[in-house]
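Protein chains in written order, with the working numbering: chain A, 88 to 1466; chain B, 25 to 100.
One or more hints might be untrue.
[Unchecked claim] Under the rule of at most 25 Å between Cα atoms (straight-line distance), these lysine-lysine pairs were calculated in the BS3-like manner:
no., chain 1, residue 1, chain 2, residue 2
1, A, 1257, A, 809
2, A, 637, A, 1339
3, A, 663, A, 583
4, B, 100, A, 330
5, B, 100, A, 333
6, A, 378, B, 36
7, A, 1035, A, 590
8, A, 1363, A, 1331
9, A, 266, B, 36
10, A, 1331, A, 650
11, A, 330, B, 95
12, B, 36, B, 95
13, A, 378, B, 34
14, A, 809, A, 301
15, A, 818, A, 1258
16, A, 1035, A, 1067
17, A, 333, B, 95
18, B, 76, A, 282
19, A, 817, A, 1258
20, B, 76, A, 333
21, A, 791, A, 1258
22, A, 1294, A, 1083
[Said to hold, decoys possible] Partner residues aside, some chain A positions facing chain B, computed with beta carbon under 10 Å:
no., residue
23, 370
24, 374
25, 414
26, 664
27, 1207
[What the hints assert, rightly or not] Here are the simulated distance ranges between beta carbons:
no., chain 1, residue 1, chain 2, residue 2, range
28, B, 39, A, 128, 27 to 33 Å
29, B, 85, A, 158, 19 to 25 Å
30, B, 99, A, 912, 56 to 62 Å
Rather than coming from a laboratory, the hints here were simulated on the basis of the structure. Backbone N, C-alpha and C define an ideal beta-carbon position, used for all residues, glycine too.
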Amino acid sequence: MNEQKDTFLALTKSQSALWAGQKMHPNVPLHNVVYTFEITGDIDKMTFEKAFERLIETSDILRIIFSEERGIPNQTVRSEVDFSLEFIDLTHHQNNTTIDKWLHERTLKLMDISERVFDTALLKTGSNNYVWFLKLHHLVTDAVSNSILYRRMSSFYTSEITNTMAAVENFPSFSDYIKFEHEQSTTSVNNDSNKYWEERTKNLLEKPKLYGEKIDNSTAARRITLDLGTQRSQQLRELANRKEFKGWTEDLTLFNIFLTLYSSYIYRVSGQEKIAIGAPAHNRSTREFQKTAGLFIEVLPLVIDIENEDTFISLFNRIKIETNNYLRNARPGSATVQTNSSSNTILNFIHADFPDFNGFPTKTEWIHSDHIDSSHALRTHVYDMNNSGDFKIAFDINCNTFSDATAEEIPVHFLNLLDAFLRNSEQSIRKPGLLDTAPVDELLIEELSTPFKSVIQSFEENINNSPNSVALQFVNEILTYNILNKKANQLAHYLKTKGINEKSRIALHFNRGSDYVISVLAVLKTGAAFTPIASDQPVERVKYITSNSKSVLLLSQSDLISKIDIPDIGILDVQKESSIINEQPFTNLEIQPSPESLSYILYTSGSTGKPKGVLISQQALSNYIFWAKEAYHTNEKSIFPLFTSIGFDLTITSTFLPLVSGGRINVYKESVTGPDVSLLKVLDDNLVNYIKLTPSHLALFKEKELSTSYIHTMIVGGEELKSNLAKSIKKAFPNELKIYNEYGPTEATVGCIVAEYNESNHTKATVPIGLPISNMSAYVLDEYKNRVPKGVVGELHLSGLGLSDGYANDLSLTAEKFIENPFISDKKMYHTGDLARINKNGSFEYMGRSDEQVKLRGHRIELSDIESNLTEFSEIENCAVVLVESKKTTPEDEVVNCTKCGLPSNYPNTDFDEKGVCHLCTAFETYKDKTERYFKNDEQLVSLLTSKRESNPNYDCISLLSGGKDSTYVLARLINMGLKVLAFTMDNGYISEQAKANVDRIVKKLGVDHVYGHTPHMNEIFVDSLNQHHNVCNGCFKTIYTLSTKIALENNIPFIVTGLSRGQFFETRLTEELFWDEDLDTAKIDNTILEARKLYHQESDAVKRLLDVSIFDDESVFEKVEFVDFYRFSDVSLEEMLVYLKDKASWIRPTDTGRSTNCLINQVGIYVHKKDLGYSNYSFPYSWDVRLGHKTRDESLEEINEVIDEKEVLRIMDEIGYESSQPQWENNSKLVAYYTGKQDISIKEIQNFLAKQLPSYMLPTIYKHVDEMPLTKNGKVDKKGLKNLSAVQLAMNTTYSAPRNEIDELLEKIWVEVLQLNKVGIHDDFITLGGHSLAAIRVTARINEEIEYNFPLNKIFEMPTIAEYSNYIEETLKSLLEE
Amino acid sequence: MKNKIISYIKSKLATEVVEEIDINEDLLGSGLVDSLGMVQLVLFIENEANIKVAPEDMTIENFMTVNHILKYIARK
């Protein structure tokens, strides 16, 4: 033995992956694999020690140690290892806690694997009881390996004790496997498999978020073990032997059954349909290796696509095939970084068992080290180590990802699914409930503790308390409680004379004003119900609502009523009949409504094209209002503005809450024409301290001075409340503003779930909606009405006293939406159609809609309501209406920058990898070498610029001098090279004084001739550039090119030298496509750039319109005057440059621009670009400067993040006459109607037609004709696709047409990528979509790459639509084939 | 083919050393070959018989015994 030498070996793939994990968390016992064997029998410790020594001798893994050299790990198999058995006598410690504590502490103890990879001890726990503790580092073992070691140990012990020789077994060592794995992974045998794994792990979506939780990068974990017991285990085995399940072996079938369960489970708790699950492949592929101890397993992914209709068995059948593919491709050495990082869940079906030790009864335990791989959310192990026939499932749960409560639920949910599978494998995997029956308190509605009181009763009580306090103020009219009550009583008495009783329904069609409030109170005093109809409703809708609600009377005012004639019902004009009303008695009517009687009917958008009336009882109204009084602490000091539409259910709060509290309503009348700006008036008046409104309203607060506002409580409802908005509003108000986020559909009476906004707790994008109000319950359910676990998204259902009784005159819709409450018998439950989840804290979060209902500035709109009305228009065949949301810019604090180049994540179509490196950097690595060939050196520059000396004796070239550091350096270097130079500076009117002084001083010092270029049209050019490109530089550059080319031509100067940085090349000249060619030809690139330059001067813009560009009509100009980029030939660091400038050119950094630029208007461009697109126009070129080593990331970010003087920017914008086209409002969502049918319908006609049926907020703002409605693969209108047209595309007059064939599709894909759009119609114009010459290079190069042909660059401008270009390609290909 | 398959199973796959394998012996049921071994056998057959075994075909009906395997190959 001693003669033998140590062996050095590299790590296997699996070992490397484990090593990397351990390196990331060096102080964590991540990979301590611990088993304990409780042996009942008398163990001789000396013999045990001897047996273990033999184990060490025969198992090389126990002699392996690890070390690292220059970052590369390797392992050494030592020829021998000292060992003496640690024996601990714990017999006098009778309780198990001592033993458990010892085991736990020892399990967590880190091992120094440069010394030893195992730790073992024998514990004596009773006279005839022992525990053998065995800990190994995962780097050298797996479950089967441990079983091998255990069996071998047992057999050695037996042979020692009986003094017999254990049978000598011949098996390979682990070192042999390591060598074998290395050979395997380098032979071509694995090629197909490698391809398989690469393909399989491609296009994986993001990893599933179990219970909505994103994985936290930490290792702390807890293990919860579930014993399936005898009955379930037997049932599982029976299932596995059923014909429809039976596979090659029982183990394989059981694995597939567990995988079916596990993937169903992950799907159910994450909602993700494509799931990758890691599973260890055992890898002991030959008979010999089955007896070798060591780390053989390799984790490889199974990728499962869940389908909507899946039953357990249908999913099982697909999984069977996936497993077969997995098995045939799982070869030693298959694991890669990609396969390892493809899943965040593991299913480990362990085939190892541990029989009795030396014939003594033995119980095996696998002890968890309290840590797992930080990229795993959940690892699930199925095993039967004691061979009892009963399965155990150990769930290793990432503690930082899941709360303790969630962790404890995991086995419950899994088990419920398992039981459902066993009960009926043909049921949908979505059907079984995951939760155990809930505790009663979560389901039961609290019963009303105080007896019912009506809102009117409470109002009337306030008259006794304080008759002379102000109840209502409307312009100059002030009504005390006493007077308001008397007026309401008079009208109520009058209504009685008209036969109104407790069963009557009365429509109220009013402007906001005191008459409306009086009418509401009067109706309620008669015991009847009111239906509010806002003044802006079209006549047809008023008529419909009045008749549909079965109103017997329409109360209104003179100016509104004049337009309406409804023959069948009475109309009461309260203004016209005021004298009769005023004669009525003042006294209260003393009518007590029953809790069940109706209080109001409120109409909301319905899906059939007609609004639907929601019936609200007295009890429901009281439940909300009296709850709100408590919750919002309203009292006699509370003043609410009544400024929202009376048809809006949030207005119910502003109408009743102040009156039951003894407070005051300030009524604001809506404007008769134009948008309702009452809110601005409310803020200006500053007379209220409470306000109820929508988040859209809040966006209007931005422009307002609020620091003196008296508002202290804000109730926000009707729409999602964004945390950012809440935060900024809270900041804008003095004192402590309370913001309540109230959720509730009309059907559950105004608000039924509420949260008080809390800045420190509510850090997610949207403020949670909170908890149900008194006497209301909310459930998040799946489609089978099972409650979903916390964190999982489901549909929100409501139940309780506040629930509506249903819809007026629509029993079938009522039955559809108000269903039986499955949790409480004899109660109804309303299906809201809203998606929600309950977060960790038990708070409800709103997650959007499950159907076509949208919210636009607080209005609830059924899109099908608009569609039904639109199809009534005779010339429209089919239509689809979508809500196109305003482009959301990422909030600045959520933007991250590429860790390599600094490119911001809000740059269009960016894709960052795990290390935070952007896709441009990643792609650049693949063609970096080639770009180097594009660049040249100083000598080549001199020889180029002097190549045409004979033709011009005066100047070799024009040098473009902006006065900035880069162009100054160029000029100084050109002079230094001995060239004859004419310097040209564009005076765009915004060069700073100091920069100008710089220019003058430099040219003087260098002794060069110098001219300034001017144009009177510069401001127009700037405005055009801002409109087209969101910056000023594009326009300025083109002016420079135009004017300097003219001078060069006039003076016969053959070259113009630019000072563009290398990064700017990639902004203006180069694209990655140019470097795709295998044999890169720089002449070809130069040629393409020249072609692009010709096209550039053809582009229509202000320069072409306003300057004399006739010189470009003759193409020879491009030969006579060549552009040369100085930095293509010379590379210099910023530091070197600054030193050189100081020495040679006396350049001084200007301080009067406040920035590193020399141009004052530059920041206007940056400001507009940032505002319009969210990022600086320098982000992209600077990222290239960094990528090409011209700048460091820090330098680039520092320049990009320079402060912008907003006041100065606005002044310059005003000076040049630029008006931002960007909306001032945050919520600029629009309704867009797409239609098929006659193309040239007058939009005005449609609008007029619709306006008769729908209120103005429901009228689409854009109408777009389409040839055919684009459909999804399920044959439904592709609304998602329709939402994706950009503003420019919507504004175009062309019909949207989807691709006709494969070539169209290919072109669309290329256009979409290059033009950074979401969708392109085949008749959309390339140039209108923003296609310019550089985009032409990219599009053409991509087409040529795909079609393998050489289409010329200018074709795209000749045939600027996909349809035309596609036909051209087709014809070209056809004629090629014919040849 | 029969002999090639039997000898491959005997030399590479069998979990125990065996003298002879009957063509009607249940390879999987007897535990002679486990599922990973069966996959090896599939790859071996694909190579030898120059056929492609689709994952859907990797069933007990096709691979229970050497006889089943031979019939399966003949069908392909």
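Status of each hint after checking the structure:
For the proposed pair residue 1257 of chain A and residue 809 of chain A, the alpha carbon gap of about 22 Å is at most 25 Å, so the pair holds. With a CA separation close to 21 Å, the supplied pair residue 637 of chain A and residue 1339 of chain A stays within the 25 Å bound. A threshold of 25 Å between alpha carbons decides the hint, and for residue 663 of chain A with residue 583 of chain A the separation of about 18 Å falls inside it, so the pair holds. The hinted pair formed by residue 100 of chain B and residue 330 of chain A meets the criterion: a straight-line CA distance of about 24 Å does not exceed 25 Å.
The suggested pairing of residue 100 of chain B with residue 333 of chain A holds, with an alpha-carbon distance near 23 Å, which does not exceed 25 Å. Between residue 378 of chain A and residue 36 of chain B, the direct Cα distance comes to roughly 14 Å. Compliance with the 25 Å bound is thereby established for this hinted pair. Using a Cα cut-off of 25 Å, the hinted pair residue 1035 of chain A and residue 590 of chain A is violated, with the two alpha carbons roughly 101 Å apart. A distance of roughly 29 Å separates the Cα atoms of residue 1363 of chain A and residue 1331 of chain A; the hinted pair therefore is violated under the 25 Å criterion.
Between residue 266 of chain A and residue 36 of chain B, the direct Cα distance comes to roughly 19 Å. Compliance with the 25 Å bound is thereby established for this hinted pair. For the hint pairing residue 1331 of chain A with residue 650 of chain A, the CA-to-CA distance comes to about 22 Å; that is within 25 Å, so the pair holds. Proximity of residue 330 of chain A to residue 95 of chain B is assessed by CA-CA distance (about 21 Å); at most 25 Å being required, the pair is judged to hold. Of the supplied pair hints, the one linking residue 36 of chain B and residue 95 of chain B holds, its CA atoms being roughly 22 Å apart against a limit of 25 Å.
Only pairs whose Cα atoms come within 25 Å are accepted, and residue 378 of chain A paired with residue 34 of chain B is accepted, the gap being roughly 17 Å. Between residue 809 of chain A and residue 301 of chain A the CA atoms are separated by roughly 20 Å; this keeps the pair inside 25 Å, and the hint holds. For the hint linking residue 818 of chain A to residue 1258 of chain A, the alpha-carbon distance of about 22 Å falls within 25 Å, and the restraint holds. Distance check on the hinted pair: residue 1035 of chain A and residue 1067 of chain A sit about 12 Å apart at the alpha-carbon level, within 25 Å; holds.
Between residue 333 of chain A and residue 95 of chain B the CA atoms are separated by roughly 20 Å; this keeps the pair inside 25 Å, and the hint holds. With a CA separation close to 17 Å, the supplied pair residue 76 of chain B and residue 282 of chain A stays within the 25 Å bound. Of the supplied pair hints, the one linking residue 817 of chain A and residue 1258 of chain A holds, its CA atoms being roughly 23 Å apart against a limit of 25 Å. Of the pairs offered as hints, the one joining residue 76 of chain B and residue 333 of chain A holds, with about 23 Å between alpha carbons and a cut-off of 25 Å not exceeded.
Distance restraint check for residue 791 of chain A and residue 1258 of chain A: the Cα-Cα separation of roughly 20 Å lies within the 25 Å cut-off, and the hinted pair is therefore satisfied. For the given pair, residue 1294 of chain A sits about 23 Å from residue 1083 of chain A by alpha-carbon distance, which is consistent with the 25 Å threshold. For residue 370 of chain A, the suggested interface contact is upheld, since its CB lies about 8 Å from the closest CB of chain B, less than 10 Å. Interface restraint check: residue 374 of chain A against chain B, minimum CB-CB distance 6 Å, threshold 10 Å, status holds.
The closest approach between the C-beta of residue 414 of chain A and any C-beta of chain B is roughly 4 Å, which is under the 10 Å cut-off, so the hint is satisfied. The interface hint given for residue 664 of chain A is violated, since its Cβ lies 82 Å from the closest Cβ of chain B, which is over the 10 Å cut-off. For residue 1207 of chain A, the suggested interface contact is broken, since its CB lies about 65 Å from the closest CB of chain B, more than 10 Å. Under the hint 27 to 33 Å, the C-beta atoms of residue 39 of chain B and residue 128 of chain A, about 30 Å apart, fit the expected range.
The hinted range of 19 to 25 Å is not satisfied by residue 85 of chain B and residue 158 of chain A, whose Cβ atoms lie roughly 52 Å apart. For residue 99 of chain B paired with residue 912 of chain A, a C-beta distance near 60 Å keeps the hint of 56 to 62 Å intact.
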